[in-house]
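Peer 1: Listed below, chain by chain, are the residues.
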Amino acid sequence: MKNKRGQDEIVGFIIIVLLVSVVALVFFGITLRKTAPIESSVRLENFAGAALGVTTDCSIKKVPSYLDLEDLIKECRKGTSCYDGKKTCELLNKTVGELLDSTFPINGQAPTNYYSFKAYYQQNTSQGSSGGVEFYTTEKGKCEGTKSGNTQSISSLPGVIRVETQICSSSA
Amino acid sequence: MELKKITNKKAQFKIQQTAFMILGTVLFFVLVGLFWLTLKSSSINKSAANIKQEEAITLALTIADSPELTCGTQCIDYDKAQALKNTRLFEAVWPIRSIEIRKIYPKIGGGTIIECNSGNIDSCNLIRIENKGITSSNGGTASSYVKICRKEKNAEGYTYDKCQFGEITIKT
Numbered sequence: 293m294k295n296k297r298g299q300d301e302i303v304g305f306i307i308i309v310l311l312v313s314v315v316a317l318v319f320f321g322i323t324l325r326k327t328a329p330i331e332s333s334v335r336l337e338n339f340a341g342a343a344l345g346v347t348t349d350c351s352i353k354k355v356p357s358y359l360d361l362e363d364l365i366k367e368c369r370k371g372t373s374c375y376d377g378k379k380t381c382e383l384l385n386k387t388v389g390e391l392l393d394s395t396f397p398i399n400g401q402a403p404t405n406y407y408s409f410k411a412y413y414q415q416n417t418s419q420g421s422s423g424g425v426e427f428y429t430t431e432k433g434k435c436e437g438t439k440s441g442n443t444q445s446i447s448s449l450p451g452v453i454r455v456e457t458q459i460c461s462s463s464a
Numbered sequence: 226m227e228l229k230k231i232t233n234k235k236a237q238f239k240i241q242q243t244a245f246m247i248l249g250t251v252l253f254f255v256l257v258g259l260f261w262l263t264l265k266s267s268s269i270n271k272s273a274a275n276i277k278q279e280e281a282i283t284l285a286l287t288i289a290d291s292p293e294l295t296c297g298t299q300c301i302d303y304d305k306a307q308a309l310k311n312t313r314l315f316e317a318v319w320p321i322r323s324i325e326i327r328k329i330y331p332k333i334g335g336g337t338i339i340e341c342n343s344g345n346i347d348s349c350n351l352i353r354i355e356n357k358g359i360t361s362s363n364g365g366t367a368s369s370y371v372k373i374c375r376k377e378k379n380a381e382g383y384t385y386d387k388c389q390f391g392e393i394t395i396k397t
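Just so you know, the sequences run in chain order A and B.
Heads up: the first sequence begins at 293 in this note's numbering, then just goes up one per residue.
Heads up: the second sequence begins at 226 in this note's numbering, then just goes up one per residue.
Just so you know, the hints here were simulated from the structure itself, not pulled from any lab data.
A hint or two may mislead.
Partial chain B-side listing against chain A, Cβ under 10 Å, derived [stated by the list, open to error]: (1) N233; (2) K235; (3) F238; (4) I240; (5) F245; (6) M246; (7) I247; (8) V257; (9) K271; (10) C349; (11) T366; (12) Y370; (13) K372; (14) Y383; (15) K387; (16) Q389.
Cβ coordinates follow ideal geometry from the N, Cα and C atoms, glycine included.
All chains should be built: construct the whole structure from the sequences, respecting the hints.
Peer 2: Okay, structure coming up:
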């Protein structure tokens, strides 16, 4: 009788240990499965700061006053065309693609394996800013490893344009 | 006598059970602590790498933003850089081994390094300013993305500011 009680206690103890282990495993599993947060990158902030000032081939007026990348993004949101007839969004796509390809080449040798460039507009209202409307996006590669990003703001009254750059690198 | 023996055995079993329970609990918390420490140390490592990168960028930008080179924030005047290369003025100003300004976009030369001189502005991709007074190196480098600007004339003869995307690297 006493022996049986001892055995029962051991079985109970094992069940508790098993339960705790299962709960711990589930907890760690969920924690590790969560998508890694995008790290804020000083390098990308530095990149965006210089890149937005690059002169493009687009001029809206006849007398050449070539737009920089920042202004080209603003014009793309408005859906305008350059003086030579090219669509601003098409030129933006070409410029951003070449710029990112030159800076963060994805060729299997460089650490970067993915990049994305997104621009979205947020309207400022009396209740604060509303959710953004994405009007331009480009991406290349498949993200593996650490993802880092940066968001720059461009004033475009009555709202603001947010330019988001992200890259993934296999070595952090 | 028999009863005392049974009671003793039961007490021993209870002690053993408590000891196992304590051991299990301690082991569990040790594992959790180790897991937390690993996460914490990896985030500290990332912060340290970010700070190091920020320092390198700041150092490079300090040189880029000096009156001898700058044309604004994160902006290098191409003509000033060329002039500085010829005057050897910087040898007296900064105790650094060399400054390299590399054009990244638009891509020129397809990976070949073509050093800039007065005759190949549009077909070169590197301005190298060396301090001939410093021969030893401590191997330190710092770099930052910048825009490289200069005055340019278009086909109709209008002058405008043309900014390209590049990187300044300081070697000490």
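Peer 1: Against chain A, with CB atoms and a cut of 10 Å, does the hint on T366 of chain B hold up?
Peer 2: violated, 14 Å
Peer 1: Using Cβ atoms only, decide whether V257 of chain B comes closer than 10 Å to chain A, and label the hint accordingly.
Peer 2: holds, 8 Å
Peer 1: Return the status of the interface hint for Y383 of chain B: holds when the least beta-carbon distance to chain A is below 10 Å, violated otherwise.
Peer 2: holds, 5 Å
Peer 1: Would you settle whether the hint for I240 of chain B is holds or violated, based on the nearest Cβ-Cβ distance to chain A being less than 10 Å?
Peer 2: Result: violated, 13 Å to nearest chain A Cβ.
Peer 1: Hint K235 of chain B vs chain A: min CB-CB distance below 10 Å?
Peer 2: holds, 7 Å
Peer 1: May I ask you to test the interface hint for Q389 of chain B with respect to chain A, counting a Cβ-Cβ separation under 10 Å as satisfied?
Peer 2: With Cβ-Cβ at 7 Å, under 10 Å, it holds.
Peer 1: Is the shortest C-beta separation between N233 of chain B and chain A less than 10 Å?
Peer 2: Nearest chain A Cβ about 13 Å off; hint violated.
Peer 1: Less than 10 Å between beta-carbons is the criterion; does C349 of chain B satisfy it with respect to chain A?
Peer 2: This interface hint is violated because 15 Å lies over the 10 Å limit.
Peer 1: Min Cβ distance, M246 of chain B to chain A: is it shorter than 10 Å?
Peer 2: holds, 8 Å
Peer 1: Using 10 Å as the Cβ threshold, decide whether F238 of chain B counts as touching chain A.
Peer 2: holds, 6 Å
Peer 1: Would you settle whether the hint for K271 of chain B is holds or violated, based on the nearest Cβ-Cβ distance to chain A being less than 10 Å?
Peer 2: holds, 7 Å
Peer 1: Would the hint on K372 of chain B be counted as holding, given a Cβ-Cβ threshold of 10 Å to chain A?
Peer 2: holds, 5 Å
In this structure, the earlier hints numbered 1, 4, 7, 10, 11 are contradicted, and the remaining ones agree with it.
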